[in-house]
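> Residues per chain, in single letters:
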Amino acid sequence: MKNSILKTLTLAGVLVIGLSSCGNGGDKSTDQNAANDADKQILGAGSTFGNPIYTKMFSEYGKTSGIQTNYQSIGSGAGVKQLMNKLVDFGASDAFLSNKEDSACSAKVVEFPTCLGAVVISYNLPENPALKLTPEVLSDIFLKKITKWNDKKIAEVNEGVKLPDMDITVVHRSDGSGTTYIFTDYLSKVSDDFKSTVGKGKDVKWPEGEIGEKGNEGCAGFIKQTSGAIGYIELTYALQNNFTSASLKNAAGNFVTPTLESASLCANGDIPADTRISIVNSNVDQAYPISSFTWVLLYKEQNYNNRSKDKATNLVKELWWMIHEGQAQAKPLNYAPLPAKAVAAAEGVLKSVTYGGQPILQ
Amino acid sequence: MTPFDTRGLKRRRFKDKIFTSIVWGLTFSCLLVVFIILFYIFKKGIGSINWALFTQGPKPVGELGGGISNAIVGSLMVVVVAALFAIPMGVSVGIYLADNRGKKWAERVAIAVDVLQGIPSIVIGIVIYIWIVKPVGSFSSLSGSVALAIMMLPPIIKNTEETLVLIPNTLKEASLGLGASYFKTTMKILLPTGIGGIFGGCIIGIARITGEVAPLLFTAFGNPAMVKSIFKPVDTVPKVIFAYASSPYDDWRRIAWGGSLILVVFIILLNAIIKLFERKWKVQF
Amino acid sequence: MKNRWRILENKIFVRWLSISAILTMVLLLMFFLTLLVSSWPAIKANGFSFLWSKNWDPVNSHFGMLPFLIGTLITSFLALLISAPFSIAAALFLGEFYPKGVIPNIFRNVIDLLAAIPSVVYGFWGLYTIAPLISHLQQKMHLQASGLGIFTASIVLSIMLIPYSVSLIRQVISMTPTPLKEAAYALGSTRREVITKVIIPSNISGISAGFLLSLGRALGETMAVTILIGNAPELPHSIFSPSYTMASVIANEFTEAVDEIHTGSLIEIGLLLFVVTTIINLIGRLIIKRAIA
Numbered sequence: 001m002k003n004s005i006l007k008t009l010t011l012a013g014v015l016v017i018g019l020s021s022c023g024n025g026g027d028k029s030t031d032q033n034a035a036n037d038a039d040k041q042i043l044g045a046g047s048t049f050g051n052p053i054y055t056k057m058f059s060e061y062g063k064t065s066g067i068q069t070n071y072q073s074i075g076s077g078a079g080v081k082q083l084m085n086k087l088v089d090f091g092a093s094d095a096f097l098s099n100k101e102d103s104a105c106s107a108k109v110v111e112f113p114t115c116l117g118a119v120v121i122s123y124n125l126p127e128n129p130a131l132k133l134t135p136e137v138l139s140d141i142f143l144k145k146i147t148k149w150n151d152k153k154i155a156e157v158n159e160g161v162k163l164p165d166m167d168i169t170v171v172h173r174s175d176g177s178g179t180t181y182i183f184t185d186y187l188s189k190v191s192d193d194f195k196s197t198v199g200k201g202k203d204v205k206w207p208e209g210e211i212g213e214k215g216n217e218g219c220a221g222f223i224k225q226t227s228g229a230i231g232y233i234e235l236t237y238a239l240q241n242n243f244t245s246a247s248l249k250n251a252a253g254n255f256v257t258p259t260l261e262s263a264s265l266c267a268n269g270d271i272p273a274d275t276r277i278s279i280v281n282s283n284v285d286q287a288y289p290i291s292s293f294t295w296v297l298l299y300k301e302q303n304y305n306n307r308s309k310d311k312a313t314n315l316v317k318e319l320w321w322m323i324h325e326g327q328a329q330a331k332p333l334n335y336a337p338l339p340a341k342a343v344a345a346a347e348g349v350l351k352s353v354t355y356g357g358q359p360i361l362q
Numbered sequence: 363m364t365p366f367d368t369r370g371l372k373r374r375r376f377k378d379k380i381f382t383s384i385v386w387g388l389t390f391s392c393l394l395v396v397f398i399i400l401f402y403i404f405k406k407g408i409g410s411i412n413w414a415l416f417t418q419g420p421k422p423v424g425e426l427g428g429g430i431s432n433a434i435v436g437s438l439m440v441v442v443v444a445a446l447f448a449i450p451m452g453v454s455v456g457i458y459l460a461d462n463r464g465k466k467w468a469e470r471v472a473i474a475v476d477v478l479q480g481i482p483s484i485v486i487g488i489v490i491y492i493w494i495v496k497p498v499g500s501f502s503s504l505s506g507s508v509a510l511a512i513m514m515l516p517p518i519i520k521n522t523e524e525t526l527v528l529i530p531n532t533l534k535e536a537s538l539g540l541g542a543s544y545f546k547t548t549m550k551i552l553l554p555t556g557i558g559g560i561f562g563g564c565i566i567g568i569a570r571i572t573g574e575v576a577p578l579l580f581t582a583f584g585n586p587a588m589v590k591s592i593f594k595p596v597d598t599v600p601k602v603i604f605a606y607a608s609s610p611y612d613d614w615r616r617i618a619w620g621g622s623l624i625l626v627v628f629i630i631l632l633n634a635i636i637k638l639f640e641r642k643w644k645v646q647f
Numbered sequence: 648m649k650n651r652w653r654i655l656e657n658k659i660f661v662r663w664l665s666i667s668a669i670l671t672m673v674l675l676l677m678f679f680l681t682l683l684v685s686s687w688p689a690i691k692a693n694g695f696s697f698l699w700s701k702n703w704d705p706v707n708s709h710f711g712m713l714p715f716l717i718g719t720l721i722t723s724f725l726a727l728l729i730s731a732p733f734s735i736a737a738a739l740f741l742g743e744f745y746p747k748g749v750i751p752n753i754f755r756n757v758i759d760l761l762a763a764i765p766s767v768v769y770g771f772w773g774l775y776t777i778a779p780l781i782s783h784l785q786q787k788m789h790l791q792a793s794g795l796g797i798f799t800a801s802i803v804l805s806i807m808l809i810p811y812s813v814s815l816i817r818q819v820i821s822m823t824p825t826p827l828k829e830a831a832y833a834l835g836s837t838r839r840e841v842i843t844k845v846i847i848p849s850n851i852s853g854i855s856a857g858f859l860l861s862l863g864r865a866l867g868e869t870m871a872v873t874i875l876i877g878n879a880p881e882l883p884h885s886i887f888s889p890s891y892t893m894a895s896v897i898a899n900e901f902t903e904a905v906d907e908i909h910t911g912s913l914i915e916i917g918l919l920l921f922v923v924t925t926i927i928n929l930i931g932r933l934i935i936k937r938a939i940a
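Residue numbers (the numbering used here), protein chains in the order written: chain H, 1 to 362; chain Z, 363 to 647; chain S, 648 to 940.
So that you can see chain H by itself, here it is in the shape it has in the complex (with noise of 0.2 Å):
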């Protein structure tokens, strides 16, 4: 009876040893390999607009170059809240950050953009009709001012479609999101209604009776589960998904349907060197209305918390790698890979990012 106490205690403290050393070979630098493993570990998180493209470079770009990158995909709110805590390497937003939120940070915070999306207006509907909205009815839809599918709103920009006597029931998303912020962002600029009781933001207060959702995936499932269902999530969530999507009335008057093309139009305009610019309801001809550019951030300083220069040169690198060679995964997850404008412009920020005060790209 003893013995076996025994052996118990002394296999656990083995196993306390055994877990406790390969743990603190990861922080102190003895260990050579370990802390060359600590290095390649990199930590990223938010944005569930980017999740789908995110998760696919870095799975590519680990094959290659031996990072393992974690990429958690918790919502542009917590991401930019993880990065300020200095709990991720970066994080990911499909907002660039606001003046509050800049000054919030300690050091400063850099952000270039990856790849463009689009949020889409989904719905789950019998037969699923293809329906066109108007900014309006969109708005009014949002604010519960159009209650029932079939109401007279939207029968009117949708002859001859058959529309079932249902409640709507809308969804959006219960998180800090970057999507809701695109999405607001466009509604704030087309309808002042909205602008007065909404407004835009990554967390806002929607009208009473609508059910909120934790990420792009917890919208995108609600909507397949939900007869009645309707909510804006990001274009590969979407096509993924075979959900039907509502074409909306751009700037110019057209009924645009959500695609890779109709949304990239907007963004070939002008970048400034900060890369903070909204391209919802451009005025190209075709262009889909919202659309945006998504963003990741990091420190401009990439010396902090005792983190070792490898680590900030492996990380800057993976992000320069991302605007450059991971474009080409953009495509067949349906986002629109970076124009060269924008490119140009996140290699300026990229180049800008320092170790102790020097440059880590050369």
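The set of hints was computed from the structure by calculation and includes no laboratory data.
Treat the hints with care, since some could be wrong.
[Said to hold, decoys possible] Straight-line distance between alpha carbons at most 25 Å, and here's what the computed BS3-like set of lysine-lysine pairs gives:
hint	chain 1	residue 1	chain 2	residue 2
1	H	144	H	132
2	H	40	Z	496
3	H	145	S	828
4	S	844	S	828
5	H	249	H	152
6	S	787	H	144
7	Z	642	Z	534
8	H	195	H	205
9	Z	421	H	317
10	H	224	H	108
11	H	86	H	331
12	S	828	Z	372
13	H	108	Z	406
14	Z	550	S	658
15	H	148	H	224
16	H	63	Z	421
17	H	351	H	40
18	S	649	Z	550
Since chain H is already given, all that's left is putting chains Z and S on it; use the hints.
Then chains Z and S, alone, in the frame of chain H:
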């Protein structure tokens, strides 16, 4: 209430029958619910159980296949480390409570243990985030283990206490009378005698924490890669279920069902072990 | 020499036992202090209106937790209400009708299996079984047919509560003094009369404590409710409305709250949850201990 009023008696007997059938009916519906849930999980999960689920990590969005090997290893790691913290601590407190029954301080500690058991797991998550994650500057499986260890403590403490109290004092007095120290008596007489109950408490603790997500959301975080270090963020099976459950991808949902089945079967097995221990190793004198 | 070591060893051991016990209490105290200190900026900024303001608006830094408080209370009480008849019946079945034997033993183990299913799996299961049913029902009632909301969450939560309430109440009623029951039977009472007139009234405080402790569990339940409640930070109009609970708002927003007051407000909600569940547990255990002892 007079026994000779046969009409009243009939009515009372009738009421009694109705009452009995309601009790039966409600009890059976409880059992039915258990079977419905387990059957549903089994039906949905069994199709997802394949070799890849255990051997592969997650695939990028849109690519089919993949598994939860990283999360299975992560879960084991988080739970084992939590147990290493909680078991020595819990058993010690249990011994203390058993030896000091009725004393003022022991009563207070016992109340604290009860309260500890009732704390919502999400609150434990917040506190560990503030204690460990933020000051250290990284999410880690270790911080998740600490949170789970706190959840594990109450069942271990209680079972240890209850088991040791059952051991007759004569046994202890005999050992002490032979000149063995209190330490030796505890280690060599009391703990071995009560090992069944103590072990049972540990398993109850493990069963309680294996399916937890809430305290891990802000501590163990997540990680698609296989992790070898307890200082890195890590995925666990229940966390993957949570992330995949409400997603639109059929393949992710499939994996989530597989994960649910693995988790439920594992915890049911643990429960079976507990029952076995209760029967075979119960302290009997 | 050896003897001295043995004495020392013994001393260290005894000391360690007391320390470990004290640590448990310190742990609890530290929990409270940590939550209090971390939420202090928010407590100061929000004031008392935090408790009854219904406006939760992180964008404009205005925080009121009434929607979560109401959502939590309604969901938990409704769950308790739904599960109560089942729990009492099963507890009577196992504690009074058939306290011993093979089949009741199997029954007890089967009901205990409900406690073996993790919260997140309950949520997942509810999303695919209960939510569509409720959605169907909502359509018939011409309501917004989301399937998610208070009622869905309560149903699943009620199932989760059953094993706890059953085992607590069973313990209480099996402690009814036999002479009391026998006296009632001897007077010619039927079993129903014994149960409704003797067993339940004489154990009413213990049974309520059992429900109180189950309520404590329901209040803090996070994952299943987060998946099923619909996450709408507003006052519900009916039991079919989407709502939000205290635990689920923490789960959803804690990782992303940017400014200090938002984080602090979430921790303040956690503090409240901690205080309430602590009080419930203290009262519940006190009554149960008296009832069983």
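> Now tell me, hint by hint, if it's right for this structure.
Each hint tested on the structure:
no.	hint	result
1	144/H with 132/H	holds, 18 Å
2	40/H with 496/Z	holds, 22 Å
3	145/H with 828/S	violated, 63 Å
4	844/S with 828/S	holds, 10 Å
5	249/H with 152/H	holds, 18 Å
6	787/S with 144/H	holds, 21 Å
7	642/Z with 534/Z	holds, 22 Å
8	195/H with 205/H	holds, 12 Å
9	421/Z with 317/H	holds, 23 Å
10	224/H with 108/H	violated, 41 Å
11	86/H with 331/H	violated, 32 Å
12	828/S with 372/Z	holds, 22 Å
13	108/H with 406/Z	violated, 49 Å
14	550/Z with 658/S	holds, 17 Å
15	148/H with 224/H	holds, 19 Å
16	63/H with 421/Z	holds, 13 Å
17	351/H with 40/H	holds, 21 Å
18	649/S with 550/Z	holds, 18 Å
Comparing the model with each numbered hint stated earlier shows that hints 3, 10, 11 and 13 do not hold.
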